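Please model the entire structure based on the sequences and the hints provided.
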Amino acid sequence: MPSPIPAAQKTLLIVEDEILPAMALRDELQDAGYVVMDLTKRHGEAIGAAKDCKPDLALVNIKLQGQDTGIDIARDLKAMGIPVVFISGQVSRAQTARTDAIASFPKPYSTKQMAAAVGYLLARLAGDTSLERPDGLEVFEDELEASAAAAV
Amino acid sequence: MPTSTPTPVEAGALDLARAIVTSSPVPLLLLDGDLCIVAASASFSEAFSVDTKSAPGQPLASLGGGGEWGLPKIRSLLTATLSGAADIKAYECELVRAGQPTRCLVLSAQRVAYLDLAHTRVLLAVADITEARANELLKDEAQRRNLVLLQEVRHRVANSLQIIASVLLQNARKTTSEETRGHLTDAHQRVMSVATLERQLSGSGEQDVELQAYLTTLCESISASMIQDPKHLVLSVTGSRGEVPAVVSISLGLIATELIINALKHAFVDGRPGAIKVSWTSEGSNWTMSVTDNGVGMPRAAGARAGLGTSIVEALAKQLGAAINVSSAAPGTCVAITHPAIRLVSRPEQPSDFSVVERPAA
Numbered sequence: 001m002p003s004p005i006p007a008a009q010k011t012l013l014i015v016e017d018e019i020l021p022a023m024a025l026r027d028e029l030q031d032a033g034y035v036v037m038d039l040t041k042r043h044g045e046a047i048g049a050a051k052d053c054k055p056d057l058a059l060v061n062i063k064l065q066g067q068d069t070g071i072d073i074a075r076d077l078k079a080m081g082i083p084v085v086f087i088s089g090q091v092s093r094a095q096t097a098r099t100d101a102i103a104s105f106p107k108p109y110s111t112k113q114m115a116a117a118v119g120y121l122l123a124r125l126a127g128d129t130s131l132e133r134p135d136g137l138e139v140f141e142d143e144l145e146a147s148a149a150a151a152v
Numbered sequence: 001m002p003t004s005t006p007t008p009v010e011a012g013a014l015d016l017a018r019a020i021v022t023s024s025p026v027p028l029l030l031l032d033g034d035l036c037i038v039a040a041s042a043s044f045s046e047a048f049s050v051d052t053k054s055a056p057g058q059p060l061a062s063l064g065g066g067g068e069w070g071l072p073k074i075r076s077l078l079t080a081t082l083s084g085a086a087d088i089k090a091y092e093c094e095l096v097r098a099g100q101p102t103r104c105l106v107l108s109a110q111r112v113a114y115l116d117l118a119h120t121r122v123l124l125a126v127a128d129i130t131e132a133r134a135n136e137l138l139k140d141e142a143q144r145r146n147l148v149l150l151q152e153v154r155h156r157v158a159n160s161l162q163i164i165a166s167v168l169l170q171n172a173r174k175t176t177s178e179e180t181r182g183h184l185t186d187a188h189q190r191v192m193s194v195a196t197l198e199r200q201l202s203g204s205g206e207q208d209v210e211l212q213a214y215l216t217t218l219c220e221s222i223s224a225s226m227i228q229d230p231k232h233l234v235l236s237v238t239g240s241r242g243e244v245p246a247v248v249s250i251s252l253g254l255i256a257t258e259l260i261i262n263a264l265k266h267a268f269v270d271g272r273p274g275a276i277k278v279s280w281t282s283e284g285s286n287w288t289m290s291v292t293d294n295g296v297g298m299p300r301a302a303g304a305r306a307g308l309g310t311s312i313v314e315a316l317a318k319q320l321g322a323a324i325n326v327s328s329a330a331p332g333t334c335v336a337i338t339h340p341a342i343r344l345v346s347r348p349e350q351p352s353d354f355s356v357v358e359r360p361a362a
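Which chain is which? The protein sequence lines are A and B, in order.
Using this note's numbering, the letters of the first sequence map in sequence onto residues 1 to 152.
Using this note's numbering, the letters of the second sequence map in sequence onto residues 1 to 362.
These aren't lab readings, by the way, just hints derived from the structure by calculation.
Computed from a predicted structure; not experimentally measured.
The reader is advised that the hints may include incorrect statements.
What the hints assert, rightly or not - Sample of chain B residues with no beta-carbon within 12 Å of chain A, all distances over it, derived:
#1 Glu10
#2 Asp32
#3 Gly64
#4 Gly65
#5 Val112
#6 His119
#7 Leu169
#8 Ala195
#9 Gln207
#10 Arg272
#11 Glu314
Stated by the list, open to error - With beta-carbon atoms standing in for the labels, derived distance ranges:
#12 A:Leu20 to B:Gly307: 26 to 36 Å
#13 A:Ala79 to B:Glu152: 44 to 54 Å
#14 A:Asp142 to B:Ala213: 21 to 31 Å
Cβ atoms here follow ideal geometry from the backbone N, Cα and C, with glycine treated the same way.
And the structure:
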């Protein structure tokens with residue numbers, strides 16, 4: 001997996017209610033040079049945090065505790081112009097919500113795979129198509145291209 | 001109705017037939033050529049709440065009083081059978097009666113000719129399958145619900161394993177000892193190999209696993225976590241399609257994980273580029289999984305590589321009843337795990353890298 005080269009300190013938001021995988025993911029992404037916002041697991045928290053400091057990409061788990069679902073959060077983040085990648089074992093649900101996110105990376109993921117996926121998606125959002133798509137990452141091309149066009 | 005007087009032989013046969021029909025535990029009717037009742041079993045009377053005592057001599061259509069047995073479908077079935085034009089073993093129809101629930105019936109009609117063709121009769125067996133049908137539906141529903149539960153459980157198992165894997169990984173990051181970090185990273189990978197399988201199972205609902213797909217996902221995960229530059233060190237999967245039971249694939253996944261970790265640690269010591277190939281071939285219940293590297297090759301001294309990984313591979317192979325064969329791949333090493341469930345005597349020589357493996361003593 002090519003190590004992603006984060007351009008100018010990109011900021012990431014992680015919405016995941018399993019704290020340990022979330023921490024492992026945060027540490028890996030920080031090591032890769034990204035700024036990772038405080039971990040969130042609820043709808044309100046995530047949207048509030050995203051308003052305060054517009055992340056470049058949000059990593060959202062679909063199944064969250066309580067009434068929240070990652071799909072609702074993704075919809076709201078999309079409305080704010082923040083691209084979302086689903087990080088969920090619920091692959092079929094991710095696919096039915098393919099208009100709300102730019103990609104899906106199924107669990108169980110290794111954190112290195114996820115870091116590579118984040119690098120790839122940020123590059124694509126910046127219009128850079130030179131990187132190879134990491135194994136396991138499913139890209140929702142229509143949404144990704146729409147987000148990339150909006151970012152430019 | 002034929003008017004000729006039956007011979008004593010015919011009369012005797014008819015009496016016997018009446019007695020058999022009347023005592024049949026399966027609802028049974030014996031009808032004459034005009035579809036009038038000759039005999040009806042007590043079980044018929046009980047199953048369809050009709051009085052069969054006074055039935056003999058009555059037309060079938062008058063049974064039950066509501067004309068429910070006079071359906072054109074039943075009449076044409078019987079007429080066709082009587083004429084010998086049809087031989088119907090199971091004819092499904094619905095019995096609709098006023099004020100009672102509709103029953104689902106299976107009719108089988110058999111033409112009975114004895115000596116004189118003028119006395120052709122038809123035997124009609126009636127099975128009520130309404131309950132069996134309902135039970136089948138219930139069973140299907142229960143089965144579907146079980147499948148949903150099973151998938152949910154597997155989903156949760158995969159999530160739990162991912163949590164454990166995360167803890168091990170965090171542990172590896174925080175430790176200052178290079179050796180400990182290595183052990184923890186290996187442990188993380190072992191957990192991930194089982195998590196990957198559970199995830200694959202949670203999506204399919206099947207008990208069997210398409211092994212090559214699993215090995216491919218597994219190798220993607222290993223490659224991402226353990227190989228710095230996947231262009232420098234290529235990990236690939238080849239082989240045939242084929243399914244194995246879930247329990248077998250867990251073992252095979254763990255064996256592959258160990259062999260790959262082993263090759264990564266020992267085969268490319270001086271930072272040389274290379275490739276590790278995982279291969280899976282199966283033929284019926286015979287299969288071989290091999291991991292081949294093109295690294296530095298095996299050390300001469302036996303047991304030089306013995307470690308946790310080796311003992312895991314040996315234990316799991318033994319559990320599977322499979323043999324381990326380590327050979328030189330010139331350059332590099334090939335480790336093949338072979339399960340010869342059935343020995344094929346006249347099996348043609350396979351174009352494989354590894355030599356024939358002896359079946360282990362049980």
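Here is how each hint holds up against the structure:
1. Distance check for Glu10 of chain B against chain A: the nearest CB is about 71 Å away, which clears 12 Å, and the non-interface claim stands.
2. The claim that Asp32 of chain B is not at the interface with chain A holds, since no C-beta of that chain comes within 12 Å of its own (minimum 62 Å).
3. Every Cβ of chain A is farther than 12 Å from the Cβ of Gly64 of chain B; the closest lies at roughly 52 Å, confirming the non-interface assignment.
4. Chain A leaves Gly65 of chain B outside its interface by the beta-carbon criterion, the shortest separation being 56 Å against a cut-off of 12 Å.
5. For Val112 of chain B, the non-interface assignment is confirmed: its Cβ lies about 58 Å from the closest Cβ of chain A, beyond the 12 Å cut-off.
6. A cut-off of 12 Å between C-beta atoms confirms that His119 of chain B is not in contact with chain A; the least separation is 66 Å.
7. For Leu169 of chain B, the requirement that its beta carbon stay farther than 12 Å from each beta carbon of chain A is not met, with the minimum near 5 Å.
8. Its closest Cβ contact with chain A, about 4 Å, brings Ala195 of chain B to no more than 12 Å, contrary to its assignment away from the interface.
9. At the 12 Å boundary, the C-beta of Gln207 of chain B stays outside the reach of chain A, the nearest C-beta of that chain being 19 Å off.
10. With a cut of 12 Å on Cβ distances, Arg272 of chain B stays outside the contact zone with chain A, its closest approach being about 20 Å.
11. The non-interface label for Glu314 of chain B is consistent with chain A: the shortest C-beta to C-beta separation is roughly 27 Å, beyond 12 Å.
12. Hint check: Leu20 of chain A to Gly307 of chain B, Cβ distance near 28 Å, so the stated range 26 to 36 Å holds.
13. A beta carbon spacing of about 31 Å between Ala79 of chain A and Glu152 of chain B contradicts the range 44 to 54 Å that was offered as a hint.
14. Distance hint check for Asp142 of chain A and Ala213 of chain B: the Cβ-Cβ separation is about 27 Å, which falls inside the suggested range of 21 to 31 Å.
The structure does not agree with the numbered hints 7, 8, 13 stated previously, though it agrees with the rest.
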